[in-house]
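Trainee: Next come the chains, spelled out residue by residue.
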Amino acid sequence: MRIALFATCTAQAFRPALTAAGQKLAQALGLTMVTPPQTCCGLPAWDAGRLEPARVAARQFVRVFAGYDLVLTPSPVCRRMVCEHMPVLLATEPEATAATALAARVLTWPSFLVAHVGVERFEPCFRGRIDYFPACTGAEEAATRLLLARLTGDEQPAAFRQDCCGYGLNLVWRYPELSRAMAEPVLMTLRLSGAALVLTDDVGCLVHLLAQQRRRGGPVLRHLVEFLADPDCCRIVPPR
Amino acid sequence: MPADPSTRQALYRLGQLVERRPPLSPELPSAAGEARRRVLAELETYLHRFEAQARAQGMQVWRAEDYQEADRLVIERIRASGCTEVLRNHSPLFDEIALDRAAAGNGVELIPIHPGDHYLKLTGAPPLHPIWSSAHLGLRHLATAMARAWKVPPSFDPDLLAGTARLRLRTLLLAAKVAVIGVHFAVAADGRLVCLDNDGHNAHLIALAGHLICLVGIEQVVADIADLELLIRAFSLGAWGQDQAHYVGIIAGPQRTADGPQQVDVILLDNGRRRALAAGLTAALACIGCGACHAVCPVYRQVGAMAYGRHARSGPIGAVLNPVMWPERRTQDQPYLSSGCRACATVCPVGIDLPELLARQRRHAAVSASWEERLVFWLWQRLLPYPRLFIPALRLAFRLVRRA
Numbered sequence: 001m002r003i004a005l006f007a008t009c010t011a012q013a014f015r016p017a018l019t020a021a022g023q024k025l026a027q028a029l030g031l032t033m034v035t036p037p038q039t040c041c042g043l044p045a046w047d048a049g050r051l052e053p054a055r056v057a058a059r060q061f062v063r064v065f066a067g068y069d070l071v072l073t074p075s076p077v078c079r080r081m082v083c084e085h086m087p088v089l090l091a092t093e094p095e096a097t098a099a100t101a102l103a104a105r106v107l108t109w110p111s112f113l114v115a116h117v118g119v120e121r122f123e124p125c126f127r128g129r130i131d132y133f134p135a136c137t138g139a140e141e142a143a144t145r146l147l148l149a150r151l152t153g154d155e156q157p158a159a160f161r162q163d164c165c166g167y168g169l170n171l172v173w174r175y176p177e178l179s180r181a182m183a184e185p186v187l188m189t190l191r192l193s194g195a196a197l198v199l200t201d202d203v204g205c206l207v208h209l210l211a212q213q214r215r216r217g218g219p220v221l222r223h224l225v226e227f228l229a230d231p232d233c234c235r236i237v238p239p240r
Numbered sequence: 001m002p003a004d005p006s007t008r009q010a011l012y013r014l015g016q017l018v019e020r021r022p023p024l025s026p027e028l029p030s031a032a033g034e035a036r037r038r039v040l041a042e043l044e045t046y047l048h049r050f051e052a053q054a055r056a057q058g059m060q061v062w063r064a065e066d067y068q069e070a071d072r073l074v075i076e077r078i079r080a081s082g083c084t085e086v087l088r089n090h091s092p093l094f095d096e097i098a099l100d101r102a103a104a105g106n107g108v109e110l111i112p113i114h115p116g117d118h119y120l121k122l123t124g125a126p127p128l129h130p131i132w133s134s135a136h137l138g139l140r141h142l143a144t145a146m147a148r149a150w151k152v153p154p155s156f157d158p159d160l161l162a163g164t165a166r167l168r169l170r171t172l173l174l175a176a177k178v179a180v181i182g183v184h185f186a187v188a189a190d191g192r193l194v195c196l197d198n199d200g201h202n203a204h205l206i207a208l209a210g211h212l213i214c215l216v217g218i219e220q221v222v223a224d225i226a227d228l229e230l231l232i233r234a235f236s237l238g239a240w241g242q243d244q245a246h247y248v249g250i251i252a253g254p255q256r257t258a259d260g261p262q263q264v265d266v267i268l269l270d271n272g273r274r275r276a277l278a279a280g281l282t283a284a285l286a287c288i289g290c291g292a293c294h295a296v297c298p299v300y301r302q303v304g305a306m307a308y309g310r311h312a313r314s315g316p317i318g319a320v321l322n323p324v325m326w327p328e329r330r331t332q333d334q335p336y337l338s339s340g341c342r343a344c345a346t347v348c349p350v351g352i353d354l355p356e357l358l359a360r361q362r363r364h365a366a367v368s369a370s371w372e373e374r375l376v377f378w379l380w381q382r383l384l385p386y387p388r389l390f391i392p393a394l395r396l397a398f399r400l401v402r403r404a
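Chains A and B are the protein sequences, given in the same order.
Position 48 (the first sequence) corresponds to 48 in this note's numbering; numbering is contiguous.
Position 5 (the second sequence) corresponds to 5 in this note's numbering; numbering is contiguous.
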């Protein structure tokens with residue numbers, strides 16, 4: 001099975017450690033995964049209502065990833081772009097069939113790990129309370145919750161049913177002050193939660209919250225994949 | 001752009017109130033949405049039917065093309081009654097047509113009988129939400145305004161304040177002669193008008209005022225009693241999270257008995273609604289104004305209703321409708337007042353697909369975007385094939401935005 005990492009432009013620009021963690025995790029699980037040269041899926045343009053640039057990005061995305069059996073991404077929001085908007089965007093283009101076929105093969109890390117690896121392969125060794133900040137698209141929550149239940153040993157892991165943290169690229173760019181203000185109640189809840197570590201399943205939320213948190217302090221924020229790839233937090237056991 | 005901290009705190013509490021509600025059963029939004037679409041598909045037919053039925057009930061019916069005409073009609077009706085102090089209920093329609101100001105300019109005082117709206121009038125504050133209009137007025141703010149306006153000793157005891165307010169509002173109600181009422185639904189099948197609330201002010205106004213001047217948006221027409229029942233449920237769930245509003249006020253035309261109005265005037269307000277229909281926003285006009293999408297919207301929770309414009313609708317539905325309904329008021333950027341979080345996707349009790357409508361309105365906004373935006377996306381598109389340029393450029397762009 002040929003697996004590619006859809007690293008997302010956000011992670012490449014602002015959280016290279018996450019891309020490295022993804023590669024490390026794949027290696028630890030004994031999977032062969034490549035990270036092809038890539039830029040953006042086109043979500044910012046689609047979000048801005050500019051379909052032509054979004055289409056250009058979508059075509060490029062299909063060209064880069066069409067040859068792989070499975071594409072993994074650390075962002076459910078970017079996955080939504082690929083799986084929901086891209087087939088529509090390219091419906092009348094030569095890439096239409098490829099885009100539709102590709103949409104079914106793009107998975108977020110938690111969905112992949114739960115469906116194809118099995119949560120029992122992760123043995124958490126992190127001491128301290130872990131909380132979870134879900135990306136507000138909410139599409140992947142079931143898988144993430146299963147994984148978190150394993151990591152925290154808690155049937156119902158604590159999750160902040162909370163506002164959007166204010167990361168939409170269009171919001172950051174057009175209304176930076178508003179986007180910053182939206183992060184405030186989220187960071188406040190994280191600070192008051194008493195958790196030692198807060199995991200999120202979207203790189204966008206992570207980058208945005210980290211940028212706003214810099215001045216204020218609070219629990220450590222990490223992406224779920226970084227946690228799984230870190231041997232100090234989680235051990236990976238061989239399949240039974 | 002974000003509202004002041006105390007308003008944001010109030011908005012946050014409002015959101016929590018809504019989030020604690022059980023999710024809507026999936027049947028309701030589709031059935032209620034169907035009821036709305038039925039009317040909007042043949043709006044003119046249903047409007048004519050309503051007008052005919054309302055006239056048959058003894059009401060007088062006018063149509064207002066825009067808010068100025070609506071103001072003029074309402075004030076003419078009030079003048080004809082010879083009254084200079086007129087009561088009104090709570091309705092976002094009054095903000096839409098700026099009736100309070102227009103009336104004051106014509107020597108008529110419009111007194112809100114809804115407690116929240118009355119507090120807004122006392123303090124001069126703008127409304128916060130289509131239903132919870134005064135949730136941002138803190139106790140201190142309120143107590144000071146009451147003491148000043150009513151010349152009562154200042155008190156911070158909520159029970160005492162409520163008692164004082166109740167006495168004031170009751171005195172006003174018992175002397176009511178003319179009332180302006182923004183209604184929630186107008187039934188085409190029998191010409192009745194319906195208003196919902198949880199404190200009874202509508203029922204009192206309808207029973208006590210001899211002359212009712214009713215304001216209805218043309219999109220608020222419903223086909224028949226069965227649809228009305230469904231939409232009352234939808235509105236009550238969206239606005240208060242309960243199956244049924246505590247009070248359903250029904251205006252069935254002038255009454256020949258002692259109770260109820262002797263004269264009922266109805267003004268049907270367009271003010272951009274037909275323009276929205278013509279622009280393909282039928283789905284958005286299905287809105288019944290319950291404010292459920294406001295309370296869950298993280299953008300609205302930071303900015304409040306004021307940021308969308310004093311007379312425009314607020315929240316996600318406002319961001320969709322305002323560019324078409326108020327094109328002259330720099331509302332074109334409002335579809336971008338969203339992070340794409342989809343919080344509003346599942347809360348609408350008439351099943352409006354707000355994320356899709358926001359995306360649609362953004363596509364329209366993009367056509368007339370500024371040259372800076374065009375330049376940014378031109379550059380973005382040019383750099384796409386080159387990761388080594390694209391990623392550093394993205395980093396640089398963010399640094400610039402953060403510094404700004």
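FYI, nobody ran anything at the bench for these hints, they're computed from the structure.
Glycine included, each C-beta is placed from N, C-alpha and C at the ideal position.
Among the clues, some could well be false.
Beta-carbon label-pair distances, calculated as ranges [stated by the list, open to error]:
1) 371/B <-> 125/A: 53 to 59 Å
2) 396/B <-> 216/A: 48 to 54 Å
3) 353/B <-> 104/A: 20 to 26 Å
4) 329/B <-> 235/A: 33 to 39 Å
5) 353/B <-> 216/A: 43 to 49 Å
Some chain B residues judged to face chain A by a derived CB distance under 8 Å, without partners named [unchecked claim]:
6) 330
7) 332
8) 336
9) 366
10) 375
To spell it out: a stretch of chain B is covered by chain A in this simulated footprint if at least three of its residues, at any positions, have a beta carbon under 8 Å from a beta carbon of chain A; those stretches are [as the list claims (entries may be wrong)]:
11) 149–155
12) 339–345
13) 352–363
Trainee: Confirm or reject each hint.
Mentor: We went through each hint and held it up to the structure:
no., hint, verdict
1, 371/B <-> 125/A: 53 to 59 Å, "holds (55 Å)"
2, 396/B <-> 216/A: 48 to 54 Å, "violated (25 Å)"
3, 353/B <-> 104/A: 20 to 26 Å, "holds (23 Å)"
4, 329/B <-> 235/A: 33 to 39 Å, "violated (60 Å)"
5, 353/B <-> 216/A: 43 to 49 Å, "violated (37 Å)"
6, 330, "violated (14 Å)"
7, 332, "violated (11 Å)"
8, 336, "holds (5 Å)"
9, 366, "holds (4 Å)"
10, 375, "violated (12 Å)"
11, 149–155, "violated (count 0)"
12, 339–345, "holds (count 5)"
13, 352–363, "holds (count 4)"
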